[in-house]
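Colleague: Protein chains in written order, with my numbering: chain A, 1 to 335; chain B, 1 to 540.
In short, the hints are calculated from the structure, not lab data. Quick reminder that beta carbons are idealized off the backbone N, C-alpha and C, glycines included. Any given hint might turn out to be false.
[What the hints assert, rightly or not] Some chain B residues near chain A, calculated using beta-carbon distances under 7 Å:
hint: 1; residue: 5
hint: 2; residue: 103
hint: 3; residue: 107
hint: 4; residue: 135
hint: 5; residue: 213
hint: 6; residue: 217
hint: 7; residue: 236
hint: 8; residue: 239
hint: 9; residue: 392
hint: 10; residue: 393
hint: 11; residue: 502
[As the list claims (entries may be wrong)] What follows is a list of derived Cβ distance ranges for each label pair:
hint: 12; chain 1: A; residue 1: 262; chain 2: B; residue 2: 400; range: 20 to 28 Å
hint: 13; chain 1: A; residue 1: 330; chain 2: B; residue 2: 58; range: 16 to 24 Å
hint: 14; chain 1: B; residue 1: 48; chain 2: A; residue 2: 99; range: 25 to 33 Å
[Unchecked claim] Calculated cross-link-like contacts (lysine-lysine; reagent style DSSO-like; alpha-carbon spacing at most 30 Å):
hint: 15; chain 1: A; residue 1: 211; chain 2: A; residue 2: 190
hint: 16; chain 1: A; residue 1: 322; chain 2: A; residue 2: 107
hint: 17; chain 1: A; residue 1: 211; chain 2: B; residue 2: 317
hint: 18; chain 1: A; residue 1: 44; chain 2: B; residue 2: 317
hint: 19; chain 1: A; residue 1: 46; chain 2: B; residue 2: 460
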Amino acid sequence: MRTAFLSSIAALAVSLAFPAFAQEKTLTVYTYESFVSEWGPGPKVKEAFEKSCGCKVEWVGVADGVELLTRLKLEGEGTKADLVLGLDTNLITEAKATGLFEPHGLKPEGLTVPGGFSDDTFLPYDYGHFAVVYDTEALKTPPASLKDLVEGDPSQKIVIEDPRTSTPGLGLLLWVKSVYGDKSAEAWAKLKDRVLTVTPGWSEAYGLFTKGEAPMVLSYTTSPAYHVIAENTERYKAAAFSEGHYIQIEVAGLTRTSHDKDLARQFLTFMTGPDFQSIIPETNWMMPAAKTRDPLPAAFDALVKPEKTFLMSSDEVAANRKAWIDEWLGAMSAK
Amino acid sequence: MIFARAERRTLDIAGGLALGGVLVFVGAATAVLLAHAGSSGAPLFDAYIGRVARFTLVQAALSTLLSIVLAIPVARALARQRTFPGRVWIIRLSVVPLGLPALVAALGVVEIWGRQGVVNDLLRLAGLQNPVSVYGLAGILIAHVFFNLPLAARFMLAALDRIPPEYWLSSANLGMGSGAVFRLIEWPVIRRVLPGIAGLVFMLCATSFTIVLTLGGGPAATTIEVAIYQALRFDFDPQRAVLLAFLQIAVTAALLWLISLFGRLPEEGMTAGRAIRRFDGCCRRVSDGVVILFFTLFTAAPLAATLISGLAADFGKLAADAQLHRALATSLAISLASATLSLTIALPVVLVPRLAESGDGGVATRLMGRALPAVGSLILLVPPVVVATGWFLMLRSFGETGRFAPFVVTVLNALMALPFVTRVLEPAYRTHLSRTARLALSLGVTGWRRFLRIDWPALKKPFLTAFAFAMALSLGDLGAVAIFGADGFVTLPWLLYSRMASYRTADAAGIALILGVLCLLLTLPSTAPDRQTERPGSDA
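Use the sequences and the hints to build the structure in full.
Modeller: So this is what it looks like as structure tokens:
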């Protein structure tokens with residue numbers, strides 16, 4: 001048993017092999033894991049930026065955007081991050097409240113994010129509208145509005161995410177709030193009968209949906225593009241809602257404690273430029289926040305383009321989130 | 001007297017180290033979180049938490065009751081029917097659910113019991129139109145029974161196999177019926193292990209998270225674990241998270257204490273070590289067969305569904321996937337290290353109480369004899385995410401936190417496996433000591449020699465079984481990796497979730513298949529047939 005122990009320690013040591021420290025300057029970017037995964041934008045972005053910056057990009061990937069903020073709060077001033085990439089607009093107020101960010105001082109041109117988002121501390125790099133994605137083989141007439149969804153046939157189910165544990169879940173909560181206002185609790189009480197189940201995160205919900213458990217799932221307008229491009233199927237489509245769609249904008253910001261703010265700013269400028277933006281659509285499966293080098297792939301052209309975009313200020317979300325979640329809990333837990 | 005003086009001293013020291021180590025590891029993390037600024041000052045106990053706590057206990061109690069009650073006939077049937085094709089594979093399968101991430105298991109259960117699942121397809125064939133919906137309490141119970149029934153049956157089977165084979169000879173000679181055998185022989189043995197098994201299953205169900213939310217149908221199904229996660233992540237209120245964890249420990253510990261009152265120590269019977277032969281097996285073949293068939297269908301069907309979706313993966317691509325290779329190596333290294341550590345901690349946890357019982361120890365030994373088993377099992381109630389966050393806070397001042405991630409994950413996994421490991425080792429060791437300890441001592445075989453010559457040959461299977469449980473648990477744990485999120489430190493479950501999050505469901509299913517096969521392989525050494533005659537007390 002002792003040899004087993006020693007050999008596993010040795011194996012641990014091997015798995016700890018970190019890249020040696022390079023002599024050139026390093027830009028440490030905190031982001032979420034799927035951004036830096038092999039399939040994500042990370043590897044290509046790193047390669048493109050390192051060509052021009054004479055530096056090395058080091059990614060630190062945590063589970064998701066919320067975890068990213070938690071990580072910063074845990075690290076405080078001691079954070080190694082020069083840049084934080086991957087928060088969404090709902091988290092901006094809380095992120096600023098940590099006092100760890102400083103204004104970017106940049107004036108990027110050609111941003112194409114609907115709803116006219118602008119902020120002195122955070123710059124957008126991509127966005128997506130939340131949407132009900134449906135299975136054309138199981139559902140012939142998808143809901144044409146949020147009202148349709150709420151009041152439709154309860155036997156046609158939808159899987160949604162939990163606003164207590166996931167960003168899409170919070171997105172739907174804010175979407176319903178934007179459309180129904182004071183009547184949200186009633187809307188949820190009605191929608192409840194159509195909800196098959198409420199999952200802790202997007203992966204569980206999408207997994208149930210693709211297994212055919214429900215004909216609808218709360219996801220993004222961009223989801224069908226993945227199925228068209230990577231799986232060559234038009235089976236899954238997003239439903240266009242006449243009231244408009246709630247938007248999720250992913251942003252990046254520069255930390256006050258950054259070792260090399262010029263380099264960090266250089267990255268932010270690069271981020272809103274065509275080299276970075278061209279990578280986004282087919283790796284992060286989100287809409288680019290600025291012009292890409294080439295026109296978007298055809299699959300993206302065919303996506304639902306919401307005519308109206310909902311976005312609440314992050315101050316409003318921060319101030320009301322708890323009360324709205326309580327309201328949601330009350331409506332959804334009632335017998 | 002069952003231990004020599006030198007052994008007693010070693011046990012006292014080992015017990016102290018184990019107890020101190022575990023308490024410091026968990027205590028330091030909680031203390032750091034409690035001291036961390038950022039509490040919202042929200043009241044801990046409101047109507048919401050009250051509802052959540054009630055639901056947690058109700059679903060866990062029902063899940064436990066179902067798992068235990070169903071496990072008894074399964075274990076009896078498997079113990080009676082000792083030779084039929086595939087028996088050993090049914091026993092091996094019981095480890096696999098442990099090594100699957102909850103998300104995978106939930107989807108596997110849905111493939112069988114869901115709206116588009118096999119069961120509803122059959123019902124539709126039978127002419128029933130309205131699908132049976134599992135989303136709600138039913139789904140939670142099915143998934144929890146899927147996880148825990150095989151576990152409970154395995155532990156009970158091990159207990160039944162420790163019964164001296166002479167009993168079966170006598171009962172056959174006396175012409176005892178099945179009822180009398182159950183009442184006089186089987187039940188006393190099962191009753192002895194029942195509180196331990198029920199406690200373990202209860203804790204596993206009470207701290208369930210993904211299963212409860214995914215299959216629960218709505219936020220009415222929420223456990224305290226969900227509230228802890230919410231407090232730590234979305235609300236970032238570490239103090240609240242810790243206090244909720246205390247609440248979880250308090251309510252569950254109270255229930256576990258009630259369960260423990262039910263237990264009773266059996267008399268250990270002596271045996272000449274003959275092979276187990278069940279004379280009552282022949283006349284129960286049909287009914288036992290039906291029980292075993294249903295059990296196997298219930299356990300294997302979701303696993304088969306996972307297997308089938310896994311086969312759709314592009315294994316050619318996965319085989320060349322460098323990231324997968326790294327994740328596989330990391331996961332194996334972590335699980336090997338954590339299983340080794342878990343068994344090392346488990347030895348004093350199992351042996352110090354024996355020393356205390358024998359009356360040879362001092363006050364400290366007696367105290368440790370009570371504290372060690374309690375700490376060793378309650379550890380499952382401390383949410384790993386809380387401990388990991390605490391350690392993250394402590395370690396960040398020592399530089400690159402990612403470097404420590406493998407060690408924190410290893411220790412956390414080892415502690416999580418401790419309740420499983422002790423439940424395998426404790427009853428086996430108790431029986432073994434009662435049969436050999438005095439003799440070994442009088443012959444002067446003590447210390448390492450006793451372990452190698454007397455204990456290991458007889459307890460090899462329980463040790464290997466415990467090792468397999470611990471490794472499987474560690475393999476399937478997503479755990480603390482998420483907090484540290486260091487580049488280059490990727491485990492299989494982490495990779496699985498990451499592929500799933502970027503739409504690559506086929507890859508994820510392939511990884512799930514790899515995890516399942518690994519877990520099955522782990523069970524091979526502990527279930528390999530003996531070259532010599534099967535010895536009682538050697539099969540767990």
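Colleague: Please go over all the hints and tell whether each is borne out by the structure.
Modeller: The hints, checked one at a time:
1. 5: violated, 25 Å
2. 103: Holds, about 6 Å.
3. 107: holds, 5 Å
4. 135: Given a least distance of 5 Å, the restraint on residue 135 of chain B holds.
5. 213: This hint holds: residue 213 of chain B lies near chain A, its Cβ roughly 4 Å from the closest one there, short of 7 Å.
6. 217: holds, 5 Å
7. 236: holds, 5 Å
8. 239: Violated: closest Cβ of chain A sits about 13 Å from residue 239 of chain B, beyond 7 Å.
9. 392: Since chain A brings a Cβ to about 6 Å from residue 392 of chain B, closer than 7 Å, the hint holds.
10. 393: holds, 6 Å
11. 502: holds, 5 Å
12. A:262 with B:400: 20 to 28 Å: holds, 24 Å
13. A:330 with B:58: 16 to 24 Å: holds, 20 Å
14. B:48 with A:99: 25 to 33 Å: holds, 31 Å
15. A:211 with A:190: Roughly 25 Å separates the two Cα atoms, so the pair holds.
16. A:322 with A:107: Given that 30 Å is the threshold and the Cα spacing comes to 34 Å, the pair is violated.
17. A:211 with B:317: holds, 23 Å
18. A:44 with B:317: Holds, because 20 Å separates the two Cα atoms, which is no more than 30 Å.
19. A:46 with B:460: violated, 51 Å
Violation of the numbered hints given earlier is confined to hints 1, 8, 16 and 19; the remaining hints are satisfied by the structure.
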